[in-house]
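With chain A's structure known, arrange chains B, C and D on it following the hints.
Residue numbers (the UniProt record's numbering), protein chains in the order written: chain A, 1 to 230; chain B, 1 to 230; chain C, 1 to 230; chain D, 1 to 230.
Hint data in this document are derived by calculation from the structure and do not stem from the laboratory.
Treat the hints with caution; some may be incorrect.
What the hints assert, rightly or not - Pairs of lysine to aspartate or glutamate residues, derived as EDC-like cross-links and limited to a Cα-Cα distance of at most 16 Å, are as follows:
| hint | chain 1 | residue 1 | chain 2 | residue 2 |
| --- | --- | --- | --- | --- |
| 1 | B | Lys216 | A | Asp47 |
| 2 | D | Lys55 | D | Glu3 |
| 3 | A | Lys71 | A | Glu141 |
| 4 | A | Lys221 | C | Glu137 |
| 5 | D | Lys216 | B | Glu135 |
| 6 | D | Lys221 | B | Asp33 |
| 7 | A | Lys216 | C | Asp139 |
| 8 | B | Lys71 | B | Asp47 |
| 9 | D | Lys221 | B | Glu141 |
| 10 | C | Lys216 | D | Glu141 |
| 11 | A | Lys216 | C | Glu141 |
| 12 | C | Lys221 | D | Glu141 |
| 13 | B | Lys216 | A | Glu141 |
| 14 | D | Lys216 | B | Glu141 |
| 15 | B | Lys216 | A | Glu137 |
| 16 | A | Lys71 | A | Asp47 |
| 17 | C | Lys55 | C | Glu11 |
| 18 | D | Lys71 | D | Asp60 |
| 19 | B | Lys216 | A | Asp139 |
| 20 | C | Lys221 | D | Glu137 |
| 21 | A | Lys142 | A | Asp60 |
| 22 | B | Lys84 | B | Asp33 |
| 23 | C | Lys216 | D | Asp139 |
| 24 | D | Lys216 | B | Glu137 |
| 25 | A | Lys90 | A | Asp60 |
What the hints assert, rightly or not - Here are a few chain D residues that sit away from chain C, every Cβ distance over 12 Å (derived from the structure):
| hint | residue |
| --- | --- |
| 26 | Asp33 |
| 27 | Val46 |
| 28 | Leu61 |
| 29 | Val66 |
| 30 | Gly107 |
| 31 | Pro130 |
| 32 | Ser134 |
| 33 | Glu137 |
| 34 | Glu141 |
| 35 | Lys150 |
| 36 | Phe152 |
| 37 | Asp153 |
| 38 | Gln161 |
| 39 | Ala225 |
As the structure is a computational prediction, the values presented were derived from the model and not from experiment.
C-beta: ideal position from N, C-alpha, C; glycine also.
Protein chains: 4
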Amino acid sequence: MLETLKQKVYEANMSLPKYGLVVFTWGNVSGIDRENNLVVIKPSGVDYDELSADKMVVVDLDGNIVEGDLKPSSDTATHIELYKAFKDIKGVVHTHSPWAVSFAQAGIDIPAAGTTHADYFYGDIPVTSPMTSSEIETDYEKQTGLVIVKAFDERTIDPNQIPGVLVNDHGPFTWGTSPSNAVHNSVVLEQVAQMTYHGLMLSNRNSRMDQELLDKHYLRKHGKAAYYGQ
Amino acid sequence: MLETLKQKVYEANMSLPKYGLVVFTWGNVSGIDRENNLVVIKPSGVDYDELSADKMVVVDLDGNIVEGDLKPSSDTATHIELYKAFKDIKGVVHTHSPWAVSFAQAGIDIPAAGTTHADYFYGDIPVTSPMTSSEIETDYEKQTGLVIVKAFDERTIDPNQIPGVLVNDHGPFTWGTSPSNAVHNSVVLEQVAQMTYHGLMLSNRNSRMDQELLDKHYLRKHGKAAYYGQ
Amino acid sequence: MLETLKQKVYEANMSLPKYGLVVFTWGNVSGIDRENNLVVIKPSGVDYDELSADKMVVVDLDGNIVEGDLKPSSDTATHIELYKAFKDIKGVVHTHSPWAVSFAQAGIDIPAAGTTHADYFYGDIPVTSPMTSSEIETDYEKQTGLVIVKAFDERTIDPNQIPGVLVNDHGPFTWGTSPSNAVHNSVVLEQVAQMTYHGLMLSNRNSRMDQELLDKHYLRKHGKAAYYGQ
Amino acid sequence: MLETLKQKVYEANMSLPKYGLVVFTWGNVSGIDRENNLVVIKPSGVDYDELSADKMVVVDLDGNIVEGDLKPSSDTATHIELYKAFKDIKGVVHTHSPWAVSFAQAGIDIPAAGTTHADYFYGDIPVTSPMTSSEIETDYEKQTGLVIVKAFDERTIDPNQIPGVLVNDHGPFTWGTSPSNAVHNSVVLEQVAQMTYHGLMLSNRNSRMDQELLDKHYLRKHGKAAYYGQ
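For reference, chain A alone in the conformation it holds in the complex:
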């Protein structure tokens, strides 16, 4: 069942330690089959070197296990809320990559400060509001997803144009057009967090880039007028 997607999700998970984004089991990748509304995700707390494609867990959009002997990632409910709200995405990644976490812990957006950022994220990468006591106490992981969705709704951010977020005092989630694309966006988010941290330390005046430059870089890679690549 969903052998191709399982393989893709497995490979995307394995690329997290390769890119230096995770320590121990601190990360997970999922993918979705939009036709059947089934999500394939890493099992919970399993070491990366013990993973294989057939250990991936299949769940439906209510979180029920449809296939698999292992429990799915404890963050599964968060992934599901993202798939339900952001209709175009096909992969989700969560890590505790250190530079992104630093911004999450500081509770501040990563401002769109340069073209590296603009090539992938069409504006600031938002940090969510802190979760309330009731959000934490009941269905915490599901509420985490809803808090992300709320941040995008309230600030009218298009999740296809800003494919990532910082959960307050927690860490980054990213998404994309496939599991591997979502990982790609996680790598980018960590890189821009590092660059922008040091840029802010050097000078925190006018950290945000000009809108024209942001437009230029984002749009030369995305949309109808894109001309980057082959």
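Just chains B, C and D now, with coordinates in the frame of chain A:
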């Protein structure tokens, strides 16, 4: 004698350079056999690539060598005090990992600032008070252990819930349910020190996370209501 | 056609990930045949592990493809402007190396603060002025080159003595006497950005080194009186 | 001639890139035969992967080449002044390791801030005064050595107890009882520069450790009462 424990302590020591926690011989791991009150520990000043399981030294809780041709780690007396005071722990690690040392040298706690921290440490990781002249002059390594224990006593911290400490102007000690678990906690402490350093530089207002979020993350991994992992 | 130059440009491109200067496809190296006014450059958006010498693209100084099945780097027009204005250079490199980008995003020069810098760059490494809306809208990549040239003209900087620049809110370009020499200068620029960042954090008074020391180090490696090396 | 010493100096040079202390050819190690007053040193500007023991150059204490086909390191005259003034040392290292350079560029000592430092350096690691115009203009490398010696003389620092220095706006020199011991001290200096940089950023109050703790750690590893190691 204690062949299994020696092997575990040897492997835990060898994992320190693998995780990038030590340079040269700046670290040591021990384990305890609680039935016989015997501690197995790395020999002093021996390079990691010259270590083997049978070079591990066995000492009793008075610090007497029970087995082994080499002198035990110079920090042995510190490990012993931790085993004597913290009855549940079965492994102890000391390193000079650079981010943790930075907090130790600054003399400030690592505040519980995010969920990475909360997944393993149920509150701030304390820094001890500076050692007094008399503590330094007589039985320094034993006094180092006692200063750690005093920090936990005075602040009524449960060492099972905060499995690590920063010795002032020195560096981290961690412990755990086994030698490898204690190493795991050393890796986590170094990671959260790195993340929280940068978070504090970005914003030092409200660096401490909400208690509800701390509770949620710690308790979903520890205790009766835990649900993380398989 | 230009087989030797293609091989050199290919090898120079492959050295970018080796030196840790690029993530994904975020960099490109070109070389020029000054006799025939032909530029050899990396194709756009191709992964480094899929590159080969025969995939390099040959363009003329108007940007027309003279040979090659792939589209040239989207930054080709920038490279061309540099070759046209800086008559002695034979290689150009662009990366998003993180320390250099931090200065670019902060919009500040890398001051000549120590001898590592002085061994290769005879003065501050300039940041360009921000690009104007019209420069961004029309022929952006060509205008990027012209903005670099303007920075050197207005500040009367000799591009042979300062073989690199930071494009505002973007990142570094470097050049040199060959493609590999231009890569060498990219590595140096990233190193001095890292060193000088931390030096500025420790003390931002008198960050610029004395002119005599700058002269000594630059001139013992460059020009008629050089005596470094064999 | 001096085959054993050449081999040791060669191996010590090769350990510099292994420990991450050098980029390109930015470092050199020498050793001295105190009986014959001959110094063995790396040739100038030769890549590490082209080095071999028989390429090491032998010079006397006036800087004359006694054996070797290549020119010695451009820093040879600095090494010689250190050997002449510091009678007990048998190896000298120069690098541009980035954390140490940051302190050198800031022009500030590395304060003795923790036990990692105290285990090897019995007090602050001094930065020299800036070199004067006349020191730079004539016999620059020899004057660099004399400026180091002057710093130790004026502040009455024992070079056996503080086996390293930061040359102002330049970088670190270290020394030791052998070429490999001098490299060891370079690694330590870089580590403590990194730790102490971050400690100073977290809190710059009372950065210097207590004298008793400094005494304890230095003296448990050095001198008659040492008890660390086998």
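Consistency of the hints with the structure:
The straight-line distance between the Cα atoms of Lys216/B and Asp47/A is roughly 23 Å, outside the 16 Å bound, and the hint therefore fails. Our distance criterion of 16 Å between C-alpha atoms is met by Lys55/D and Glu3/D, whose separation comes to about 11 Å. Of the pairs offered as hints, the one joining Lys71/A and Glu141/A holds, with about 15 Å between alpha carbons and a cut-off of 16 Å not exceeded. The hinted pair formed by Lys221/A and Glu137/C meets the criterion: a straight-line CA distance of about 15 Å does not exceed 16 Å.
For the hint linking Lys216/D to Glu135/B, the alpha-carbon distance of about 11 Å falls within 16 Å, and the restraint holds. This hinted pair does not check out: Lys221/D and Asp33/B have alpha carbons roughly 30 Å apart, beyond 16 Å. The suggested pairing of Lys216/A with Asp139/C holds, with an alpha-carbon distance near 11 Å, which does not exceed 16 Å. With a C-alpha separation of about 14 Å, the suggested pairing of Lys71/B with Asp47/B holds against the 16 Å cut-off.
Between Lys221/D and Glu141/B the alpha-carbon distance is near 14 Å, which keeps this suggested pair within the 16 Å criterion. For the hint linking Lys216/C to Glu141/D, the alpha-carbon distance of about 10 Å falls within 16 Å, and the restraint holds. Our distance criterion of 16 Å between C-alpha atoms is met by Lys216/A and Glu141/C, whose separation comes to about 10 Å. Taking the CA atoms of Lys221/C and Glu141/D, the gap is near 14 Å; set against the 16 Å cutoff, the hint holds.
For the proposed pair Lys216/B and Glu141/A, the alpha carbon gap of about 10 Å is at most 16 Å, so the pair holds. For the suggested pair Lys216/D and Glu141/B, the alpha carbons sit about 10 Å apart, so the restraint of at most 16 Å is met. Of the supplied pair hints, the one linking Lys216/B and Glu137/A holds, its CA atoms being roughly 7 Å apart against a limit of 16 Å. For the hint pairing Lys71/A with Asp47/A, the CA-to-CA distance comes to about 14 Å; that is within 16 Å, so the pair holds.
Proximity of Lys55/C to Glu11/C is assessed by CA-CA distance (about 12 Å); at most 16 Å being required, the pair is judged to hold. Between Lys71/D and Asp60/D the CA atoms are separated by roughly 13 Å; this keeps the pair inside 16 Å, and the hint holds. Among the hinted pairs, Lys216/B with Asp139/A is consistent with the structure: their alpha-carbon atoms are about 11 Å apart, no more than 16 Å. As the CA atoms of Lys221/C and Glu137/D are separated by approximately 15 Å, the hinted pair is consistent with the 16 Å bound.
Of the pairs offered as hints, the one joining Lys142/A and Asp60/A holds, with about 14 Å between alpha carbons and a cut-off of 16 Å not exceeded. For the hint linking Lys84/B to Asp33/B, the alpha-carbon distance of about 12 Å falls within 16 Å, and the restraint holds. Of the supplied pair hints, the one linking Lys216/C and Asp139/D holds, its CA atoms being roughly 11 Å apart against a limit of 16 Å. Taking the CA atoms of Lys216/D and Glu137/B, the gap is near 7 Å; set against the 16 Å cutoff, the hint holds.
Among the hinted pairs, Lys90/A with Asp60/A is consistent with the structure: their alpha-carbon atoms are about 14 Å apart, no more than 16 Å. Its beta-carbon lying about 24 Å from the closest one in chain C, Asp33/D satisfies the requirement of being farther than 12 Å from that chain. For Val46/D, the non-interface assignment is contradicted: its Cβ lies about 7 Å from the closest Cβ of chain C, within the 12 Å cut-off. Consistency note on Leu61/D: stated as away from chain C, and its beta-carbon is indeed over 12 Å from all of that chain's, at 20 Å minimum.
Here Val66/D stays apart from chain C, with its beta-carbon at least about 18 Å from theirs, past the 12 Å limit. Look at Gly107/D: its CB is around 7 Å from the nearest CB on chain C, not clear of 12 Å, so calling it non-interface is violated. Not every CB of chain C lies more than 12 Å from the CB of Pro130/D, the least distance being 6 Å, so the non-interface label is violated. For Ser134/D, the non-interface assignment is contradicted: its Cβ lies about 9 Å from the closest Cβ of chain C, within the 12 Å cut-off.
Against chain C, the non-interface label of Glu137/D is violated: not every CB pair exceeds 12 Å, the least being about 7 Å. Listed as a non-interface residue, Glu141/D fails to keep its Cβ farther than 12 Å from every Cβ of chain C; the least gap is roughly 9 Å. With a minimum CB-CB distance of about 17 Å to chain C, Lys150/D clears the 12 Å threshold, and the non-interface call stands. The claim that Phe152/D is not at the interface with chain C holds, since no C-beta of that chain comes within 12 Å of its own (minimum 21 Å).
With a cut of 12 Å on Cβ distances, Asp153/D stays outside the contact zone with chain C, its closest approach being about 22 Å. No Cβ of chain C approaches the Cβ of Gln161/D within 12 Å, the least distance being about 24 Å, so the stated non-interface status holds. The beta carbon of Ala225/D sits about 35 Å from the closest Cβ of chain C, which is more than 12 Å, so the claim that it is off the interface holds.
Hint compliance for this structure: hints 1, 6, 27, 30, 31, 32, 33 and 34 are not met, and every other hint is.
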